[in-house]
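Asker: So you can see what is in the structure, the chains are spelled out below.
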Amino acid sequence: MPETGIREITFAEAVREALAEEMRRDSRVFIMGEDVAEAGTPFKVLSGLVEEFGTSRVVDTPISEAGFTGVGVGAAMTGLRPVVDIMFGDFITLTMDQMANQAAKVHYMSGGKWNVPMVMRTTLGAARRSAAQHSQSLHAWFSHIPGLKVVLPSTPYDAKGLLKSAIRDDNPVIFFEDKMSFKLKGPVPEAEYTIPLGVADVKRIGTDITLVGTSSMVQVALEAAVMLEQAGISAEVVDPRTTWPLDEHTLIESVKKTSRAIVIDEGYGRYGVAAEIAATIAEGAFHYLDGPVKRMGAMHVPIPFSPPLEDLTVPTGKTVFDTAMTLCGRS
Amino acid sequence: MTTVSDPTRTSAGVGVEKWLRMYRQMMAIRLFEENVNELYTRALMPGLAHLYIGEEAIAVGVCEALRHDDYVTSTHRGHGHCLAKGASPKLMFAELLGKEAGYCRGKGGSMHIADPATGNLGANAIVAGSVGIATGAALSAKTLKTGQVAVCFFGEGALGQGVLYECMNLAQLWKLPVIYVCENNMYTEYTHFSETTAGDIPSRAAAFGVRAETVDGQDVRAVHAVATDIADRARRGEGPAFLLCNTYRYRGHHVGDINREYYRSKKEEQQWLAESDPIKNFAEWLKSQKHADAGALSTIDSELRAEMDKAVKFAVAAPYPGADEVDQDVYA
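Chains A and B supply the protein sequences, listed in that same order.
1 is the number of the first residue of the first sequence in this note's numbering; add one for each residue after it.
1 is the number of the first residue of the second sequence in this note's numbering; add one for each residue after it.
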């Protein structure tokens, strides 16, 4: 956690700073993707980078996600450190062979001889009224594959420190940014720092229940924690920050203390990240639990367009609060 | 532009020593693959074995046009490419048998030989799976100004994969030093390519402005000549090329594919063997040009047979990896 009293910047600015600093530090780092250069992506996260680094290091591509992701894998194997930009997380489906069959397996299949130091930056999250093909949170797909690392930053501070570590990592790392968080402001020190991959962060200390939140759901969990406090329940909020490597120790120790847990993740709840973390807690803290570990994720439906329908599909502070009250025997 | 390679454009600048080296390399691949067939049928080799027999002139003709540090990517039918780029038969056999001494510590196997020391980025068991990797290696070569070229070998089955066209488009846009070598052995597994491939093959590359050439893949001299041209051109920064090599897979899709008459006739197979064997025809040419006599070629064959026997014995005797190897190298 950053110190208090320092400057505040947005999540998007934190991502941009991380990229700029790493590109200044290491001439092998470059960005490649659709509308990344002058457009700076539709979310304007990359605005200004092409002006500093030029079009040979901030490279616009055709709409060919599989092609340029594959090019990223090959470039990473042979001396460059690409940051591949996949505009919407829904489009990772087009890159799956390059990521799951190529990037993830090159190091192992070659007996450790070739490395793929590549980052894929992409988005997750609903609530933008973008309908079923621009709203999914598919990070579980990559978390399932050995050889990949998956990062889910929830604050500007985490986004900057984790992205710098991801770029310096010698493995393929997928970095998911919540579209609704780009304007989120938070304290980020001006001095250089990194955050190691695989270390969870306790976003709020509590004693009665653990709310494990990832990415967009960390703010939801914090919102629920405030409501619970008013009801006399002390909630701890734990953010794993990476789904792989997963900081099992911090998750289990928190639940050993609180004896109750809800896992909130914006991916689909079934067969997803929430399910995996819930199982990890159930295995590691079984004898300390006072109730079942609950999963909360996206409803098992394609994300609908109509605003009142879309709002039903993802957990909110209120639904997490209600679930926590029930789990604590208070409803 | 798509051109058919001029068959007279073959011999310039190649000396006897290099011709004999090409003969040796082609024969090494043939004998390696015959040993693979033997190991497989004796149940000493686990998994699958896809033999390159009949297609040797392509790997050798192309790789002899490359620098040692140039990159190649290969396929499930990849033993020939790896050997032609300089892999050691000993370490390849060990890998094929799943032994720790193998190129990938036994964890890759027949379809995944990789070797940074010879520029081999890896054989790939996803059809067209290495097109992105080869194109990315060419991007590195261009960015880092190393003067290297990347060669992507694939069969005509890869023509059905969209990623090939995505990457050719990128390669031409960015003028990358990559050569796409399409080995049309006429059968995508068990289906004749005419049933799966619409239109003219090189025209597909030419549509992107990629230099497209067609060559007799059974003629190592012709392959080498055109590969030299397009590799030099790529090295000069003039962009990618697509080389269609017409060839024939003498054996089945894999070693176990014995009864093939439901998809191709014995007569067709015998005709290719009799008239278009790349090694036999090249040996005849070497003799006709007085580059070598029968005795000299037979000495090469015997030396290679002895080398292969030794390599097989090494691999058979080599230990399997220990259990602690199973979760090593998942992450760098």
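Any given hint might turn out to be false.
[Said to hold, decoys possible] Simulated coverage check for chain A against chain B, where a stretch passes if three residues somewhere in it have a Cβ under 8 Å from a Cβ of chain B:
no.	region
1	59-70
2	107-115
3	223-231
Keep in mind the hints are simulated off the structure, nothing from the lab.
Quick caveat, the model's predicted, so the values are computed rather than measured.
Backbone N, C-alpha and C fix where the C-beta goes; we use that ideal spot for every residue, glycine too.
Asker: So, for every hint listed, does it hold in this structure?
Answerer: Going down the list of hints, with the structure as the test:
Chain B is given as covering the region 59-70 of chain A, and this holds because 8 residues of the stretch bring a CB closer than 8 Å to a CB of that chain, at least three being needed. Taking a C-beta to C-beta cut-off of 8 Å, the region 107-115 of chain A contributes 9 residues in contact with chain B, enough for the three needed, and the coverage statement holds. With 0 residues having a Cβ less than 8 Å from any Cβ of chain B, the region 223-231 of chain A misses the three-residue criterion, and the hint is violated.
The earlier numbered hint that this structure contradicts is number 3, and it is the only one.
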